[in-house]
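Colleague: Model the full structure from these sequences, guided by the hints.
The primary structure of each chain is shown beneath.
4 protein chains.
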Amino acid sequence: MNALPFDPTRPFDLVAIGRLCIDLNANETGRPMEETVTFTKYVGGSPANIAIGAARLGLRTGFIGKLADDQMGRFIRGYLQTNNIDDSQVTVDHTGAVTGLAFTEIKSPQECSILMYRDHAADLLLTTEEISEDYIRQSKALLISGTALAQSPSREAVFLALEYAVKHEVVVFFDLDYRPYTWKSAAETAVYYNLAAEKCDVIIGTREEFDMMENLYNEPGADDRATAARWFSRQAKLVVIKHGGKGSIAYTADEASHRSGIFRTKVLKTFGAGDSYASAFIFGLMKGEDVSTAMRFGSASASLVISRHSCSDAMPTRAELELFLESNEEITGAAY
Amino acid sequence: MNALPFDPTRPFDLVAIGRLCIDLNANETGRPMEETVTFTKYVGGSPANIAIGAARLGLRTGFIGKLADDQMGRFIRGYLQTNNIDDSQVTVDHTGAVTGLAFTEIKSPQECSILMYRDHAADLLLTTEEISEDYIRQSKALLISGTALAQSPSREAVFLALEYAVKHEVVVFFDLDYRPYTWKSAAETAVYYNLAAEKCDVIIGTREEFDMMENLYNEPGADDRATAARWFSRQAKLVVIKHGGKGSIAYTADEASHRSGIFRTKVLKTFGAGDSYASAFIFGLMKGEDVSTAMRFGSASASLVISRHSCSDAMPTRAELELFLESNEEITGAAY
Amino acid sequence: MNALPFDPTRPFDLVAIGRLCIDLNANETGRPMEETVTFTKYVGGSPANIAIGAARLGLRTGFIGKLADDQMGRFIRGYLQTNNIDDSQVTVDHTGAVTGLAFTEIKSPQECSILMYRDHAADLLLTTEEISEDYIRQSKALLISGTALAQSPSREAVFLALEYAVKHEVVVFFDLDYRPYTWKSAAETAVYYNLAAEKCDVIIGTREEFDMMENLYNEPGADDRATAARWFSRQAKLVVIKHGGKGSIAYTADEASHRSGIFRTKVLKTFGAGDSYASAFIFGLMKGEDVSTAMRFGSASASLVISRHSCSDAMPTRAELELFLESNEEITGAAY
Amino acid sequence: MNALPFDPTRPFDLVAIGRLCIDLNANETGRPMEETVTFTKYVGGSPANIAIGAARLGLRTGFIGKLADDQMGRFIRGYLQTNNIDDSQVTVDHTGAVTGLAFTEIKSPQECSILMYRDHAADLLLTTEEISEDYIRQSKALLISGTALAQSPSREAVFLALEYAVKHEVVVFFDLDYRPYTWKSAAETAVYYNLAAEKCDVIIGTREEFDMMENLYNEPGADDRATAARWFSRQAKLVVIKHGGKGSIAYTADEASHRSGIFRTKVLKTFGAGDSYASAFIFGLMKGEDVSTAMRFGSASASLVISRHSCSDAMPTRAELELFLESNEEITGAAY
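Residue numbers (full-length UniProt numbering), protein chains in the order written: chain D, 1 to 336; chain G, 1 to 336; chain B, 1 to 336; chain F, 1 to 336.
What the hints contain is simulated information worked out from the structure, not anything from laboratory work. Predicted, not measured: the structure shown is a model, and the values here were computed from it. Some hints here could point you the wrong way.
Identical copies carry no separate label here, and so any pair may be met within one copy or between two of them.
[What the hints assert, rightly or not] With a straight-line cut-off of 25 Å between C-alpha atoms, the simulated SDA-like cross-links for lysine to any residue are:
1) Lys287 <-> Gly261
2) Lys167 <-> Ser185
3) Lys167 <-> Arg207
4) Lys287 <-> Thr127
Modeller: This is the structure we're talking about:
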C-alpha cells in the first residue's frame with residue numbers, strides 16, 4: 001500500500017506528455033560510432049519509453065504529444081497503437097519540424113553515449129491549444145518529463161496540463177530527465193523545473209538533477225533527506241533520488257526512506273535503465289504495492305532492459321517481469 | 001491598518017524589478033503623431049514609474065534592472081539617482097541591446113496611443129546571475145510587473161527574485177501591466193502570469209488582465225469576487241481589480257471589499273494613471289494606512305499625473321499629494 | 001559633358017531604392033545626449049535624403065521601398081509626396097515591423113554621433129515581389145545604397161532591381177553608405193558590396209569603404225587610382241572616392257581624375273554631408289554638366305546642409321543652390 | 001579535346017567546396033520508410049560525392065568544408081582520407097552544430113525520396129576566414145554546388161572562393177544541386193544562383209533548375225539553347241542541361257550541342273545519378289576528352305551508381321569505368 005490517491009473511477013491509468021522521438025542504435029557494439037556502419041530504428045524519448053513500459057505491464061495508457069509529418073512520425077504513431085497506447089491526443093506538426101533523433105554509441109557497458117538531433121523537433125511544438133482538460137481528468141495519473149519544459153510552446157503546454165491535473169486531482173509523476181542540450185542555461189532549467197516540481201506528487205530524479213534544481217536557489221544541496229523535505233513542504237508525497245550504480249532511495253512524507261537494490265544482469269548498455277525503472281515503479285504503485293515492492297519492480301525492469309538492444313522495444317510484459325522476479329535475487333545493502 | 005506583514009527592520013521599503021525605458025511624449029497634443037514634430041524625453045516603464053512615484057513620496061526605494069550601454073541608458077541611471085533610488089543593482093548590457101522606447105500620441109484625453117520599440121530591449125536581458133538574494137532580503141517589499149516576464153532571460157530572473165522574496169518573507173506586489181506586443185501569445189502570457197501570481201501577496205490589475213489569466217484555464221471569468229477568491233486560495237492577501245473610469249475594487253482575504261472613487265481633474269492624457277495609482281497605494285499601505293485610505297492616495301496621485309505631460313516626472317511628492325487631498329473632494333459611489 | 005548614357009526618353013530621371021527612416025535630431029546642441037531633452041523628427045536614410053535632394057533640385061524622382069504600418073511610416077509617405085517624389089512603389093509592411101530611427105547627438109561640429117534603432121526595421125523587409133521591372137525601365141538612373149544590402153529579403157530585392165537596371169540600360173549609382181550595425185561581419189559586407197558594385201556605373205564612397213571592399217580579397221588597398229582601375233575593369237565609368245575634410249577625387253574611365261574643393265560654411269553638424277553631396281552631384285551629371293562642375297554642385301549642397309539642423313529638410317532647391325554658388329567661393333588645392 | 005583551359009602546372013586537379021554529410025540508406029528496399037528498420041551509413045552530399053567519384057577515377061582532389069565535432073564528422077574525415085582526398089582545408093565546428101543527414105527511402109526504382117536533417121548543419125557554417133586564396137590557386141579546377149549558397153556564412157565563403165578562382169584562372173564547375181529545404185524562397189535561391197553562375201565556366205543542372213534561375217528575372221525560359229546563350233554572354237564555356245530519363249544536352253560556346261545517351265542497368269534507386277555523372281564527366285574533360293566522350297563517361301558512371309546501394313561508396317574506379325564502357329552499349333537517340 002502507498003499513500004497516492006489514485007481515483008479508481010477514471011478510465012485511464014496513466015497519461016504521459018512530452019517527447020516522442022527515434023533512437024538509432026548502433027548494431028555494431030563495442031566500438032566508437034566512427035566505426036559503426038548500421039543502425040536499428042526504435043521509438044524513443046523518456047515519456048514514450050515509460051508509457052510503452054507501462055502499457056506492456058498492463059496499465060491503460062494514453063499519450064499527449066506532437067509528431068513530425070514524415071515517415072518517422074508515422075512510424076512512432078504505428079508503434080504506439082501496436083502497444084495499445086491511446087494516441088487520440090498525439091497531433092501532427094505542419095510547419096516542417098522534424099522527428100528528434102538519438103544515435104547511440106555503445107563502446108562498452110560502461111561507455112555509452114548519445115548523439116542527439118533536437119533542432120526543430122516536432123515534440124517541442126506542442127501547444128496549449130492541444131491540451132484537453134477533459135482528457136486529463138479521465139486519467140488516474142499524469143507523467144511529465146523535464147525535456148518537454150525545455151522550450152516554448154511545449155513548456156506552456158506542460159504547465160497547462162499540470163494545472164488541469166492539480167485541479168482534477170490527477171496524481172502527477174515528474175521524471176526529471178534533464179538533458180542539457182535542449183536548454184539555454186542551467187539557471188533557465190532550474191527555474192522551470194522548480195516551478196513544475198512544486199506542483200507534483202511524485203518526483204523521480206538523479207542526485208545530480210536535484211542538485212541542479214537546488215544550486216540556483218543557493219540551497220545547500222546534496223543531502224537527500226533535505227531535498228525530500230523541501231518537496232514535501234510543497235505538494236510531493238514521494239521523492240525518489242537515484243544514485244546510479246549505488247541504487248536509489250525513496251522518501252515518503254511520513255519521513256520513512258526506502259532503499260532499492262539491484263539485480264545482476266549481463267549489461268549490454270545503460271540506456272533505458274531510468275525509463276524502465278520508472279515504468280515498473282509506477283505500475284507497482286498503481287497496483288497498490290508498497291513503495292519498496294514498487295522499487296523492486298523498477299529494478300527488475302531496468303535489469304531486463306539494459307541487457308537488451310533497445311529501450312522501448314525491450315520493455316518487459318507483466319509475465320516477463322514476474323518470471324524475472326521469481327528467478328532472480330535482488331542484491332540489497334547498497335550503502336551511501 | 002492592513003494585514004500586510006512588512007518587516008520594519010529592513011533598510012529598503014520597496015525594491016522594484018523590471019523595465020526601465022524611455023518615453024518620448026509628443027509636445028504637440030490634440031493631433032495624430034503623423035503631425036507631431038517634437039518630442040520630450042522622460043524615463044518610463046511601469047516599475048520604473050512606480051519606483052519613482054514611491055521614492056518621491058518618501059519610501060526608501062531600490063531597483064533591479066538592466067540598461068543599454070548608450071546615452072539613453074545613462075540618462076535613466078542619472079534620473080534614478082536624482083530621485084534617490086538605489087541603482088546598485090542596475091546593470092549594463094554589453095551585447096548591443098537598446099533602450100526600449102514608447103512614443104506617445106495624444107489626440108485627445110480619450111484617444112491616447114503608444115508606439116513601442118521593444119525589439120532587442122536591454123531590460124529583457126536581465127539574468128538570474130544579476131539577482132542578489134542578499135539584496136532582496138533587505139527590503140520590506142518587492143514590486144514585479146508583468147512585462148519583465150515576457151521573455152527569457154528576464155523571465156527567469158524575475159522568478160528567481162520571487163523565490164527569494166517568498167523565502168525571506170518580503171511582501172510581493174504584482175502589477176500585472178500586460179502589454180501584448182512583447183508576448184508571443186495570450187496562452188504564453190497566461191501561463192507565466194499565473195505561475196508568478198500564485199506566489200504574490202498583492203495583485204493589482206484591470207478586469208481584462210485578470211480575464212486573460214483565467215481564460216486559458218477555462219475559469220468562468222469576469223466575476224471579481226471569484227477572481228479574488230481564486231488568488232486567496234494561493235498566497236494573496238489583497239487583490240485590486242481596476243475597472244477604468246468606473247474606479248477600482250479591492251478585496252481582502254477576510255472577504256471585505258473596498259471601492260475607490262475618483263478625483264475630478266483636467267485630463268491631458270490617460271498614460272501613467274495606473275503607475276501613479278500603484279505608487280501612492282503602495283505608499284499608503286506601507287505607511288500603515290487601511291486599504292480604503294491607501295486607495296484614496298492612489299486615486300489622488302493618478303488625478304495629478306493624468307493632468308501633466310509625463311508619467312515619471314509628474315509623480316507628486318508627499319507634500320503635493322497631501323495638498324491635493326486637502327483641497328479636492330473624492331467622488332464616490334461608482335456602481336458596477 | 002560626361003560619359004554617362006542617360007536615355008532622354010525615360011519619364012523618370014532618378015529612382016532610388018532602400019532605406020526610409022526617421023531622424024530624431026536633438027534640439028539642444030553642444031552637449032551629450034544624456035543631457036538633451038527634446039528632439040525634432042525628420043525623414044532620414046541615405047537614399048531617402050538623396051531622393052529628396054534630387055527632387056528639390058528638379059529631377060523627376062521615384063522611390064522603391066517599404067514602410068512600417070504606423071504613424072512614422074505615414075509621416076514619411078506624406079513627406080515624399082510633399083516633395084514630389086513618386087511613391088507608387090513604396091509598400092507597407094503588415095508583419096509588425098517598425099520604422100528605423102536615428103537619434104543624433106551634436107556635441108560639437110566635430111563630435112556628432114548617431115544612436116540607431118534598426119532591429120526589425122520595415123525597410124529591410126522589401127521583397128523581390130515588390131520590384132517592378134517595368135518601373136525600373138522607365139527611369140534614366142537608379143540609385144542604390146549599401147544599407148539595403150545588409151539583410152534578406154531587402155538584399156535580394158536590390159540585386160533584382162540591379163539586374164533589371166543592367167538589362168534596360170538604366171545608369172546605376174551606388175552610394176556605398178556602409179553602416180556596420182546592420183551587418184553581421186565585415187566579410188559579409190564586402191562580399192555583397194563587391195557583387196553589387198561590379199554591376200554599377202558610378203560608385204561613390206569613402207576611402208574606408210573602398211578599403212573594406214578590398215581587404216577581404218587581399219587587394220593591396222588604399223591606392224585611389226588602383227581602386228578606380230579595379231572597378232573600370234568591371235562596369236564602372238566613374239568612381240568617386242571621398243577623403244573627408246580633404247575633399248574628394250573622381251576618376252573617369254579615360255584615366256582622368258578630378259578633385260573637388262570645399263566651400264566655407266558655419267558647420268552645425270556633419271550629418272547629411274554625403275547625401276547632399278550625392279544628390280547635387282547626380283543632379284549635375286544628369287543635367288549634362290562635366291564631372292568637375294557636378295562635384296562643385298555636390299560640395300555646395302553639402303556646405304548648405306551641414307549648416308542646418310536636418311539632413312532631408314535642409315536640402316536646397318535649385319534656386320538656393322545657384323544663389324549659394326554665385327555668392328561663395330570654392331577653396332581648391334586640397335592635397336593628399 | 002575541349003576548350004577548358006586547365007593549367008597543367010597546378011598540383012591539384014579538382015578542389016570541391018561545400019556540403020559534407022551523412023546518408024542513411026534504408027537496408028530494406030521496396031517499402032515505405034515507416035516499415036524500414038535498419039539503415040547503413042555513408043558519406044554524402046553532392047560535392048562530397050563528386051569529389052569521391054573524381055578521386056576514385058584518379059584525379060588529385062581536395063576539399064574545402066566544415067565538419068561537426070562529433071562521431072559523424074570524424075567518420076567523414078576518415079572516409080575522405082581513405083579515398084585520397086586532401087582534407088587540409090576541412091575545418092571543425094566548435095559551436096555545437098551537427099552533421100547534416102539524409103535518410104533515404106527506396107519504395108521502387110521510380111519512387112525514391114529523402115528525409116533531410118539540415119537544421120544547424122556544420123557545413124553551412126564555413127566562413128570566409130577558412131577560405132585560402134593560396135589553396136585555390138593550386139588547383140586546375142574548383143567545383144561549387146548550390147546548397148552551399150543557401151545560408152550565411154557558407155554563402156559568403158563560396159563567393160570568396162569563386163572570386164579567388166576567377167582571379168587565378170581556376171576553371172569553375174557549378175553543379176546547381178538545388179535543394180529547396182535549405183532555402184527561404186525561390187526568389188532568394190534565384191538571386192544567389194545567378195550571381196554565382198555568371199562567374200562560372202561550366203554550369204550543370206536540370207531543366208527545372210535553370211527554369212528556377214530564369215523565372216525570377218522574367219526570362220521566357222524552358223528553351224535550352226536560349227539558356228545556354230544567356231550564360232555564354234557571361235563567363236560560361238560549357239552548359240549542360242539534364243532532362244532526367246531523356247538524357248542530357250551540352251552546349252559549347254561555339255554553338256555546338258552534344259546529346260548524351262544512357263546505358264541500360266538494373267536500377268536500384270535514382271539517388272547519386274547526378275553526382276556520379278558529374279564526377280566522371282569532369283574527369284573526362286580534365287583528361288582532355290571531347291565533350292561527347294566526357295558525357296559518355298558520365299552516363300556510364302551514373303549507370304553503375306544507380307544499380308548500387310550507396311552514392312559515395314558506389315563510385316567506380318577508373319578500371320571499373322573502363323570495363324563498363326567496354327562491355328556495355330550506349331543507347332542514343334533520345335529526342336526532346
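Colleague: Next, verify each hint and record whether it holds.
Modeller: Cross-check of the supplied hints:
no. : hint              : verdict
1   : Lys287 <-> Gly261 : within (21 Å within a copy, 60 Å between copies)
2   : Lys167 <-> Ser185 : between (31 Å within a copy, 23 Å between copies)
3   : Lys167 <-> Arg207 : between (30 Å within a copy, 23 Å between copies)
4   : Lys287 <-> Thr127 : neither (32 Å within a copy, 45 Å between copies)
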